[in-house]
Amino acid sequence: MSSPLTRPSATPERPRRLLILLGGALIAATYLFLVVVQPAEIAGGMGSVASLVSLVGFLGGGALLVAGILPMLSTSSLVVMPLGIALNIAIGQVAGSLGMQIYLDAIGTVLVAVLAGPAAGAATGALSNAIWGLFNPFALPFAAGAALIGLLAGLAAKYGAFRHVYLAPVAGLVVGAIGGLVAAPVAVFMFGAAGTFGTNAIIAVFRSMGDKLLVAATKQGLLSDSLDKIVVFVLVALIVYALPRRAVLQFPFARTHRVLGQRTDVAGMGTKDGTTTGTTTAGAARGNRTGA
Amino acid sequence: MPRRRIYNPLTELLAAALLVVLVLVVNRWEFSLAVLVLVVVPAVLLSGRPRQIGLAIVLVAGPLLVSSLLLHGLFYPEGREVLLDLGVARVTAEGLAFAAGMGLRMGVFTGVLLSTAMTLDIPDLLATMTHRGWNRKLVFIVGSAVGLIPHVSLRARRISRAQQARGLVVGRGPVSRFRALLTVTTPLVIGLLVDASERTRMLEARGFSSSAPRTSYLPDTDSRGQRLARRAMVAAVGLVSVIRLAAAMAA
Amino acid sequence: MIRLESAHFAYDDGEPFLTGVSLAVGPGEYVVVAGASGSGKTTLARLLAGQTGGDAGSVFRGAITLDGDTVTFDGVPSDPRIDPAAWSERVAYVAQGAWGQLSMMSATVAEEIAFGPANRGVPAADLRRLVDDVAAALGLKDLLHRDPRRLSGGQLQRTVIAAAVVQRPRLLILDEPFQGLDEEAARDVVAALEELRAHGTGVVVCEPLLPPTDPPGARVLALADGHAVFEGPLAEARRAGLGRYGLGIAGDPPRLGRGAGPAPVDPSAPELVMVEGLGFRHTQDAGASGDAAVLSGVDLSVRAGEIVAVRGANGSGKSTLLQHLNGLYRADTGRVTVDGVPVLGQPTGMLATAAGYLFQDTDQQLFERTVLREVSYGPRAAGLGRDDAVRRAADALDRVGLGALQEAHPYELGFVQRRLVAVASIIATGPAVWALDEPTAGLDEPTRSMLAGLLARHAREGGAVVLATHDAAFADALAHRTVWLEAGRISPRGAATGG
Numbered sequence: 001m002s003s004p005l006t007r008p009s010a011t012p013e014r015p016r017r018l019l020i021l022l023g024g025a026l027i028a029a030t031y032l033f034l035v036v037v038q039p040a041e042i043a044g045g046m047g048s049v050a051s052l053v054s055l056v057g058f059l060g061g062g063a064l065l066v067a068g069i070l071p072m073l074s075t076s077s078l079v080v081m082p083l084g085i086a087l088n089i090a091i092g093q094v095a096g097s098l099g100m101q102i103y104l105d106a107i108g109t110v111l112v113a114v115l116a117g118p119a120a121g122a123a124t125g126a127l128s129n130a131i132w133g134l135f136n137p138f139a140l141p142f143a144a145g146a147a148l149i150g151l152l153a154g155l156a157a158k159y160g161a162f163r164h165v166y167l168a169p170v171a172g173l174v175v176g177a178i179g180g181l182v183a184a185p186v187a188v189f190m191f192g193a194a195g196t197f198g199t200n201a202i203i204a205v206f207r208s209m210g211d212k213l214l215v216a217a218t219k220q221g222l223l224s225d226s227l228d229k230i231v232v233f234v235l236v237a238l239i240v241y242a243l244p245r246r247a248v249l250q251f252p253f254a255r256t257h258r259v260l261g262q263r264t265d266v267a268g269m270g271t272k273d274g275t276t277t278g279t280t281t282a283g284a285a286r287g288n289r290t291g292a
Numbered sequence: 001m002p003r004r005r006i007y008n009p010l011t012e013l014l015a016a017a018l019l020v021v022l023v024l025v026v027n028r029w030e031f032s033l034a035v036l037v038l039v040v041v042p043a044v045l046l047s048g049r050p051r052q053i054g055l056a057i058v059l060v061a062g063p064l065l066v067s068s069l070l071l072h073g074l075f076y077p078e079g080r081e082v083l084l085d086l087g088v089a090r091v092t093a094e095g096l097a098f099a100a101g102m103g104l105r106m107g108v109f110t111g112v113l114l115s116t117a118m119t120l121d122i123p124d125l126l127a128t129m130t131h132r133g134w135n136r137k138l139v140f141i142v143g144s145a146v147g148l149i150p151h152v153s154l155r156a157r158r159i160s161r162a163q164q165a166r167g168l169v170v171g172r173g174p175v176s177r178f179r180a181l182l183t184v185t186t187p188l189v190i191g192l193l194v195d196a197s198e199r200t201r202m203l204e205a206r207g208f209s210s211s212a213p214r215t216s217y218l219p220d221t222d223s224r225g226q227r228l229a230r231r232a233m234v235a236a237v238g239l240v241s242v243i244r245l246a247a248a249m250a251a
Numbered sequence: 001m002i003r004l005e006s007a008h009f010a011y012d013d014g015e016p017f018l019t020g021v022s023l024a025v026g027p028g029e030y031v032v033v034a035g036a037s038g039s040g041k042t043t044l045a046r047l048l049a050g051q052t053g054g055d056a057g058s059v060f061r062g063a064i065t066l067d068g069d070t071v072t073f074d075g076v077p078s079d080p081r082i083d084p085a086a087w088s089e090r091v092a093y094v095a096q097g098a099w100g101q102l103s104m105m106s107a108t109v110a111e112e113i114a115f116g117p118a119n120r121g122v123p124a125a126d127l128r129r130l131v132d133d134v135a136a137a138l139g140l141k142d143l144l145h146r147d148p149r150r151l152s153g154g155q156l157q158r159t160v161i162a163a164a165v166v167q168r169p170r171l172l173i174l175d176e177p178f179q180g181l182d183e184e185a186a187r188d189v190v191a192a193l194e195e196l197r198a199h200g201t202g203v204v205v206c207e208p209l210l211p212p213t214d215p216p217g218a219r220v221l222a223l224a225d226g227h228a229v230f231e232g233p234l235a236e237a238r239r240a241g242l243g244r245y246g247l248g249i250a251g252d253p254p255r256l257g258r259g260a261g262p263a264p265v266d267p268s269a270p271e272l273v274m275v276e277g278l279g280f281r282h283t284q285d286a287g288a289s290g291d292a293a294v295l296s297g298v299d300l301s302v303r304a305g306e307i308v309a310v311r312g313a314n315g316s317g318k319s320t321l322l323q324h325l326n327g328l329y330r331a332d333t334g335r336v337t338v339d340g341v342p343v344l345g346q347p348t349g350m351l352a353t354a355a356g357y358l359f360q361d362t363d364q365q366l367f368e369r370t371v372l373r374e375v376s377y378g379p380r381a382a383g384l385g386r387d388d389a390v391r392r393a394a395d396a397l398d399r400v401g402l403g404a405l406q407e408a409h410p411y412e413l414g415f416v417q418r419r420l421v422a423v424a425s426i427i428a429t430g431p432a433v434w435a436l437d438e439p440t441a442g443l444d445e446p447t448r449s450m451l452a453g454l455l456a457r458h459a460r461e462g463g464a465v466v467l468a469t470h471d472a473a474f475a476d477a478l479a480h481r482t483v484w485l486e487a488g489r490i491s492p493r494g495a496a497t498g499g
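Those protein sequence lines, which keep their order, are chains A, B and C. Just so you know, the numbering used here puts 59 at position 59 of the first sequence, and the rest follows in order with no gaps. Just so you know, the numbering used here puts 193 at position 193 of the second sequence, and the rest follows in order with no gaps. Just so you know, the numbering used here puts 360 at position 360 of the third sequence, and the rest follows in order with no gaps.
In isolation and in its complexed conformation, chain A is listed as follows:
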């Protein structure tokens, strides 16, 4: 049917693979450069080369990644990304007001990754830190690390880490450890590992045992980021389990990869029972509120 009111079945744009590869390669090369080539420099000076490389390499890599990912995003992924970014920033404040001791600044990123997939997760992470940089410039250089968190969380979701609640902390531990490894050199070369009093106290312990700053910061990153991501992953798992089935199924990624496993299926059975016993009310659910 060739009516002007209809359209052929949707063909999403292909991702710009070259840009994504370049961005990934740039981030990896930057990291290798910092860790392998320059570890000694920090002891002698403040490492202008290293800090410049980490700023340009990580930010440029993140920008290339975002540029490569954006064209392939569907409108439904696109719409949740600002939401994830706003959650990252706003929950940080709520957590603060409730007196939590961890940052929880990746909840939105992980949530988007679980619902909309690794690409959307990575872009959310990178853009989140870029936008956060407007309020808190110290977030800016960690954009590549945040993108990595989003990417890994999405992959973890794809391969079933959110199908059972006990798998989420394991995935959080692994992703957090990798994230900590990547964030450490940025913190060291950009800011001399300055952080909160809590994280700096941990670094101080390692430093007092004679560790180099990069080593101490890496160990601290492994510790605190893992803890933070364990909490974040469990929290996101519990949130998505509590979502109405329809809210999850509106995302093609969550649907095709059965990200929540049987939970969505089982929940569906429950709703159906409700439907058969009370047609009127269940119809109301469908009729009156945003459906899919």
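Because the hints were derived from the structure by calculation, they are not lab data. Check before you lean on any hint, since a few could be wrong.
Said to hold, decoys possible - Among chain A residues calculated to face chain C with C-beta under 7 Å, some are:
id, residue
1, 5
2, 6
3, 7
4, 63
5, 160
6, 252
Quick reminder that beta carbons are idealized off the backbone N, C-alpha and C, glycines included.
Starting from the known structure of chain A, arrange chains B and C on it as the hints suggest.
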């Protein structure tokens, strides 16, 4: 009132970013100090809201500077010149110098970016991005995220109030706080996702997927001169960086 | 202009409905699609808007004809897909809940209205003309520079309508556009719709109740349980006895069974609510609702068995007064005592057993993943064991008629059922004082009458009810007396002015 804008926000943002790069490239405390005194301080004073911006800079950078001073001032195993031996901790000249250098750098970094960001006219920035033909998805994500942040925290506070009305009392233990966070976040996310699914349809209906170049209701505050200036600034800082990097590598 | 013929529609594998329903709308017509909760009116509105749900697992069989173009659906995956951008140029749709319709990226109302045409690449000069024209038609001229996220309900609704109709569509479909608006805001929206009609736009409005006033030439399509039960002029619809389909007329009093009404108050009954010399001024806390009222010198006493209505314009301080009863706000001056407990420094959560609060926006209150868990949260927080809490929750759900939906997810229920879940959670917690903020807004007739019965029963059983409401008929039928607020003070205005 924010100051009267002279340049396009994109130009200002780029200038701030390049200034940060320049501080890293030059990497001398004299230069950092000069930028702090000659650029950041006047910019804050002339911003029209020096109190808020000054306070924000202190709040963001202050704790980092203090904890950095404690960390490097007390624990710097590479330090040779010991000023004070406290047993576990040693105050060294090298440690203090490192903390001071890093602190100055962080101060410049925060001052330059925050004084730019806090006077930034976001709608104007988005309009410029649109007029320059940036990817409309990127413009939407940035604009929508910035617009959502206050809405999300407002909604979170309202939900938290409503739940207290239902009998929620937040205890002091970590488990109780985790539960409280979960209880607030779950309806927050559900509500936002419900809005989002409606917004997805709205975007489709408003022709967001159209392939025609997007236009903007706001006038273009950019100019040809500024576009040229931006390219020139990037080229200049790039050149300086490459020369410095090459010199450092050779050394 | 548009003609919808629905053979049937089904969500996922649910039961088919909208069987054999058809609707045609011509230029300048005004059609009210009326139906109680669950009648299928939102689905019908979505179909007209071209949202046939093919990509969301729904099945639609039927045809939609728009300006001579017919699109036919057989309920199979190879069905045509409607291009939402092309469709919306001719058929604009304003869904329920205005927040989801804002792009959130516009700092001004003008930009928000221009969002659609800007996406299609309309040049800047034309954008300004389009925005100015539509703003003039909808009375938004003075609001063009305001932040769309900080508008009142009526202003926001008109902004969203303006953004939808800026392309001058032939047809405008609105799903419950008056929900939560006070009379004045609703009048502004009606005026805006009439202006569009005068220029030939057909208007379809979904409503839970039949409108009391008569938009000239309005036609009604009444739905019940997914079937059309009436089609004809509005005046006829109001005489057609649609009450048996749960379809009431806005402004009618709730229907209370014999002996189900409120009993007289025993003047010696204990005072459950005591407010003396209450003064309050909002601090910077933006968590407060947009209702930025201050209170001064407010006295209120409510005895056991008494129902008191609090009325007054938006912003007169009704919500603020109510939220003092459960400690969400603390008095700057004066005293508040609820069920014998002075509201002092204790956490708000501790007062939940003394005063139950129903928020205007119910969705902020719900957070569990099944209805049963949701309703048993209150009693458990009050210290009851799991089994007792579940038993009380199940009883409360039976009382509001949701017994069959214990395991459903609260957010998969309709708006009306979610309101009832919130009411059930108050019943289950068992506070003596109920504070209800606009409890009838958006309800259909059966639910509104049921709520009236629940309030009357609570009072007869020795409880006290304070409700803030714009619903005059509801207040008159139920409340023993009405307190009027004006700019944060009790005003001496009698029932005569309010009616």
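How the hints compare with the structure:
no. : hint : result
1   : 5    : holds, 5 Å
2   : 6    : holds, 4 Å
3   : 7    : holds, 4 Å
4   : 63   : violated, 20 Å
5   : 160  : violated, 21 Å
6   : 252  : violated, 9 Å
In terms of the numbered hints stated before, the structure departs from hints 4, 5, 6, listed from lowest to highest.
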